[in-house]
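Heads up: the protein sequence lines correspond to chains R and S, in order. Each residue of the first sequence is one higher than the last, beginning at 0 in numbering that gives the first Met the number 0. Each residue of the second sequence is one higher than the last, beginning at 0 in numbering that gives the first Met the number 0.
Hints in this document: simulated from the structure, not taken from any laboratory. Mixed in with the good hints there might be a few duds.
Said to hold, decoys possible - Dumping the calculated SDA-like pairs for lysine to any residue here, alpha-carbon to alpha-carbon at most 25 Å:
(1) S:Lys226 with R:Arg70
(2) R:Lys201 with S:Gly217
(3) S:Lys226 with R:Glu329
(4) S:Lys226 with R:Ser122
(5) S:Lys226 with R:Leu104
(6) R:Lys361 with R:Ala281
(7) R:Lys199 with R:Met225
(8) R:Lys147 with S:Ser37
(9) R:Lys129 with R:Leu181
Claimed, not checked - From the derived model, a few chain S residues whose C-beta atoms are all more than 10 Å from chain R:
(10) Leu73
(11) Asp216
(12) Glu256
(13) Ile292
(14) Phe308
Computed from a prediction, not measured in an experiment: that's the story for all the values here. C-beta: ideal position from N, C-alpha, C; glycine also.
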Amino acid sequence: MAGIAQSGVTKSYGGQSVINGVDLDIHDGEFLTLVGPSGCGKSTTLRIIAGLETQSSGDVSIDGVSVNETRPSLRDLAMVFQSYALYPHLTVRQNLMTPLRLRDLSFWERFPLLGHLLPSRRSKMVQIEKEVQIVSETLKIEPLLARKPGQLSGGQRQRVALGRAMVRNPAAFLMDEPLSNLDASLRVHMRAELSALHKKLKTTFIYVTHDQAEALTMSDRIAVMMDGDLLQLGSPEEVYQNPQDIRVAEFIGSPKMNILPGHCDEFGHITCAGLSLDGVLANPAPGPVSVGLRPEHLTLTDAGAAQSLSGKLTYKENLGSDVFFHVTQEGSESAIIIRAQPLAATPQKPGDTLHCAPVPGKPLVFGADGRRLDFNHVASSGKLA
Amino acid sequence: MGRSKAHYWFVGPAIFLMLLLLIAPVFVAAALSMTDYSLGNSGFNWIGWENYEKLFSRRSYSKMFTASLTYVLLVVPISVALGLGSALLISSLRIGGELYKAIFFLPVMATLLAMAIVWEFALNPIVGVVNDILRSGCDKSAIYALLSGSWLGYDPLDSWYGSACEKKFPLWLGDRQYALGTIAFIGIWQAFGFNMVLYLAGLTSVPRELYQAAQMDGADSAWERFKLVTWPMLGPTHVFVITISSIRSFQVFDTVEALTEGGPSKSTYVMVYAMFEKGVRQNLLGMGSAITIVFLIFVLILTLVQVYFVNRKVHY
Numbered sequence: 000m001a002g003i004a005q006s007g008v009t010k011s012y013g014g015q016s017v018i019n020g021v022d023l024d025i026h027d028g029e030f031l032t033l034v035g036p037s038g039c040g041k042s043t044t045l046r047i048i049a050g051l052e053t054q055s056s057g058d059v060s061i062d063g064v065s066v067n068e069t070r071p072s073l074r075d076l077a078m079v080f081q082s083y084a085l086y087p088h089l090t091v092r093q094n095l096m097t098p099l100r101l102r103d104l105s106f107w108e109r110f111p112l113l114g115h116l117l118p119s120r121r122s123k124m125v126q127i128e129k130e131v132q133i134v135s136e137t138l139k140i141e142p143l144l145a146r147k148p149g150q151l152s153g154g155q156r157q158r159v160a161l162g163r164a165m166v167r168n169p170a171a172f173l174m175d176e177p178l179s180n181l182d183a184s185l186r187v188h189m190r191a192e193l194s195a196l197h198k199k200l201k202t203t204f205i206y207v208t209h210d211q212a213e214a215l216t217m218s219d220r221i222a223v224m225m226d227g228d229l230l231q232l233g234s235p236e237e238v239y240q241n242p243q244d245i246r247v248a249e250f251i252g253s254p255k256m257n258i259l260p261g262h263c264d265e266f267g268h269i270t271c272a273g274l275s276l277d278g279v280l281a282n283p284a285p286g287p288v289s290v291g292l293r294p295e296h297l298t299l300t301d302a303g304a305a306q307s308l309s310g311k312l313t314y315k316e317n318l319g320s321d322v323f324f325h326v327t328q329e330g331s332e333s334a335i336i337i338r339a340q341p342l343a344a345t346p347q348k349p350g351d352t353l354h355c356a357p358v359p360g361k362p363l364v365f366g367a368d369g370r371r372l373d374f375n376h377v378a379s380s381g382k383l384a
Numbered sequence: 000m001g002r003s004k005a006h007y008w009f010v011g012p013a014i015f016l017m018l019l020l021l022i023a024p025v026f027v028a029a030a031l032s033m034t035d036y037s038l039g040n041s042g043f044n045w046i047g048w049e050n051y052e053k054l055f056s057r058r059s060y061s062k063m064f065t066a067s068l069t070y071v072l073l074v075v076p077i078s079v080a081l082g083l084g085s086a087l088l089i090s091s092l093r094i095g096g097e098l099y100k101a102i103f104f105l106p107v108m109a110t111l112l113a114m115a116i117v118w119e120f121a122l123n124p125i126v127g128v129v130n131d132i133l134r135s136g137c138d139k140s141a142i143y144a145l146l147s148g149s150w151l152g153y154d155p156l157d158s159w160y161g162s163a164c165e166k167k168f169p170l171w172l173g174d175r176q177y178a179l180g181t182i183a184f185i186g187i188w189q190a191f192g193f194n195m196v197l198y199l200a201g202l203t204s205v206p207r208e209l210y211q212a213a214q215m216d217g218a219d220s221a222w223e224r225f226k227l228v229t230w231p232m233l234g235p236t237h238v239f240v241i242t243i244s245s246i247r248s249f250q251v252f253d254t255v256e257a258l259t260e261g262g263p264s265k266s267t268y269v270m271v272y273a274m275f276e277k278g279v280r281q282n283l284l285g286m287g288s289a290i291t292i293v294f295l296i297f298v299l300i301l302t303l304v305q306v307y308f309v310n311r312k313v314h315y
């Protein structure tokens with residue numbers, strides 16, 4: 000178990016910068032997820048922690064000790080790769096034994112044939128077999144031990160890859176999109192299993208994914224990365240409810256947050272799509288702003304209601320537990336998405352005109368530079384006389 | 000509705016040509032190997048297994064098998080090892096890899112017969128460049144000491160180089176002791192570039208993530224990673240390279256025909272050359288066919304071994 004810290008890490012390939020100064024402080028025993036769209040630098044960050052790539056500048060330390068010059072195997076980290084990277088010519092048992100053999104046996108004890116003659120090898124091998132047994136019981140892969148990776152299903156391979164990481168009792172687990180090669184239902188199942196495993200092992204997990212659902216469901220904290228920058232680091236609730244950047248707001252949450260163009264006047268009042276919002280900006284900055292509204296923060300209203308948006312229902316997405324209405328406003332290209340309960344959503348048909356209003360206090364306001372602005376809800380008094 | 004017969008017309012021509020050009024000649028050769036037929040004779044006698052009895056009892060034929068097997072056992076391991084070694088070195092290069100690939104592959108593309116003639120000049124005992132270079136080192140004390148081992152305290156006359164300087168350098172192709180080795184050297188020089196290209200192709204198919212997994216697992220040295228990842232992942236390539244190299248070295252003919260004609264004293268009398276000498280030069284078609292059939296059996300065994308390994312050992 001260990002805390003891992005990164006400070007001012009940058010990486011560039013031939014002049015092209017892929018990470019621009021990332022600071023991360025990962026606590027001991029934490030499940031931290033690096034999430035972001037592909038190409039945002041999250042995998043590179045993980046590889047720099049692992050030591051598979053060297054940072055262009057900045058420091059990485061494990062338990063307060065700088066590991067900039069330490070080779071991967073001595074950092075005491077284990078990695079689960081997206082492709083699992085199991086040795087295809089070895090059986091599952093041999094795959095699980097490999098990290099232990101390389102760590103515990105000396106060069107001569109590992110030497111082909113000759114090594115078997117050394118007496119010290121025997122007791123060490125017994126110990127290794129025992130550890131492999133324990134891990135395979137934990138992961139329920141005992142029946143697979145004699146098989147080769149080619150004879151396993153995707154889910155089984157994933158477990159074996161996890162097992163190979165676990166046998167060494169590493170200080171931290173690094174996982175590079177470990178679930179992305181599994182089918183949807185298995186992925187959901189493995190999410191729960193990984194969480195349970197983390198609770199049981201109480202070891203630091205650093206998990207890379209592009210899937211915001213994985214990040215929200217499993218993590219203690221989420222680090223959202225984009226274009227080589229760390230945009231926000233916080234608990235899943237915080238990142239979802241309080242995004243500090245418009246890119247975070249759009250990336251986290253499914254369906255995406257609705258972003259509407261708005262305008263701020265000199266008093267800090269916001270108007271957007273014909274509505275004036277209940278609230279005032281703490282630091283008024285007259286000019287264009289963006290207003291973010293999650294689908295669940297819009298409610299359907301009657302036709303005549305004041306302060307409502309209206310548009311044509313173009314698409315009705317029924318997920319069983321929820322229904323999402325895609326509503327296109329007149330003169331607008333993109334649709335606004337509104338969440339509704341299935342019972343309330345039966346009469347509407349595509350082509351109907353729908354009216355909706357934001358839930359007071361929920362709109363988020365972002366400045367022209369994409370940073371979140373401090374927008375305080377003031378009940379109904381915000382309207383100009 | 001009756002079934003169409005069109006499929007026969009699709010496969011028919013190919014099967015007919017294969018039977019006519021490949022299968023039938025094998026049976027004709029097998030039949031001829033039981034006769035004393037010579038080209039131009041109006042008839043022949045069935046002599047049963049007599050040709051094969053000669054083949055496995057006469058000294059000149061046992062020399063033939065020795066020459067062929069020695070050649071294969073020299074060329075295959077060395078050209079495979081060199082091919083793998085050079086492929087590993089080239090793939091680890093950042094720049095200049097293409098240049099080395101081209102250089103090592105040149106002998107493969109060159110006509111072997113033409114190259115054999117060049118080697119004949121180079122290896123000429125009196126005017127050849129090889130002995131010239133060797134001889135020029137005799138009176139340079141540093142080179143002499145290094146090559147004769149006298150810098151380690153050995154008697155220079157005990158070493159190969161020291162005694163050759165004292166007496167004379169080998170005749171190479173004209174010397175019974177050296178001729179087959181020299182032919183094998185040319186064979187290796189010509190073949191290893193081909194093996195290198197096959198290994199380079201094999202190396203590109205090894206996933207990068209496996210090396211990274213090995214690094215995380217503690218395979219720190221390049222040798223450990225080679226043992227854990229590269230060598231086993233090249234399994235299918237090994238089988239292919241070794242089989243192809245074996246078959247190709249069994250087929251060695253050009254260099255022998257151009258340089259030694261099987262001599263001196265049959266030390267380079269390899270199978271395909273024997274086939275040519277018996278069947279074409281001496282017009283003993285029966286004997287030539289018998290050698291051909293034995294040769295075919297050797298190649299067949301090699302192919303079966305390859306099929307076995309492809310199906311069993313290296314299948315993940």
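Verification of the hints:
Between lysine 226 (chain S) and arginine 70 (chain R), the direct Cα distance comes to roughly 19 Å. Compliance with the 25 Å bound is thereby established for this hinted pair. Proposed proximity of lysine 201 (chain R) and glycine 217 (chain S) is supported: the alpha carbons are some 23 Å apart, at most 25 Å. Taking the CA atoms of lysine 226 (chain S) and glutamate 329 (chain R), the gap is near 67 Å; set against the 25 Å cutoff, the hint is violated. With a CA separation close to 23 Å, the supplied pair lysine 226 (chain S) and serine 122 (chain R) stays within the 25 Å bound.
Between lysine 226 (chain S) and leucine 104 (chain R), the direct Cα distance comes to roughly 15 Å. Compliance with the 25 Å bound is thereby established for this hinted pair. The suggested pairing of lysine 361 (chain R) with alanine 281 (chain R) holds, with an alpha-carbon distance near 16 Å, which does not exceed 25 Å. A distance of roughly 32 Å separates the Cα atoms of lysine 199 (chain R) and methionine 225 (chain R); the hinted pair therefore is violated under the 25 Å criterion. The straight-line distance between the Cα atoms of lysine 147 (chain R) and serine 37 (chain S) is roughly 58 Å, outside the 25 Å bound, and the hint therefore fails.
Distance hint between lysine 129 (chain R) and leucine 181 (chain R) is unfulfilled; the C-alpha atoms sit about 30 Å from each other, more than 25 Å. The Cβ of leucine 73 (chain S) lies farther than 10 Å from every Cβ of chain R, with a closest approach of about 25 Å, so its non-interface assignment holds. Residue placement check: aspartate 216 (chain S) does not keep its beta carbon more than 10 Å from all beta carbons of chain R (closest about 4 Å). Its beta-carbon lying about 43 Å from the closest one in chain R, glutamate 256 (chain S) satisfies the requirement of being farther than 10 Å from that chain.
For isoleucine 292 (chain S), the shortest C-beta to C-beta distance to chain R comes to about 38 Å, beyond the 10 Å cut-off, and the non-interface label holds. A cut-off of 10 Å between C-beta atoms confirms that phenylalanine 308 (chain S) is not in contact with chain R; the least separation is 13 Å.
In this structure, the hints that do not hold are numbers 3, 7, 8, 9, 11, in rising order.
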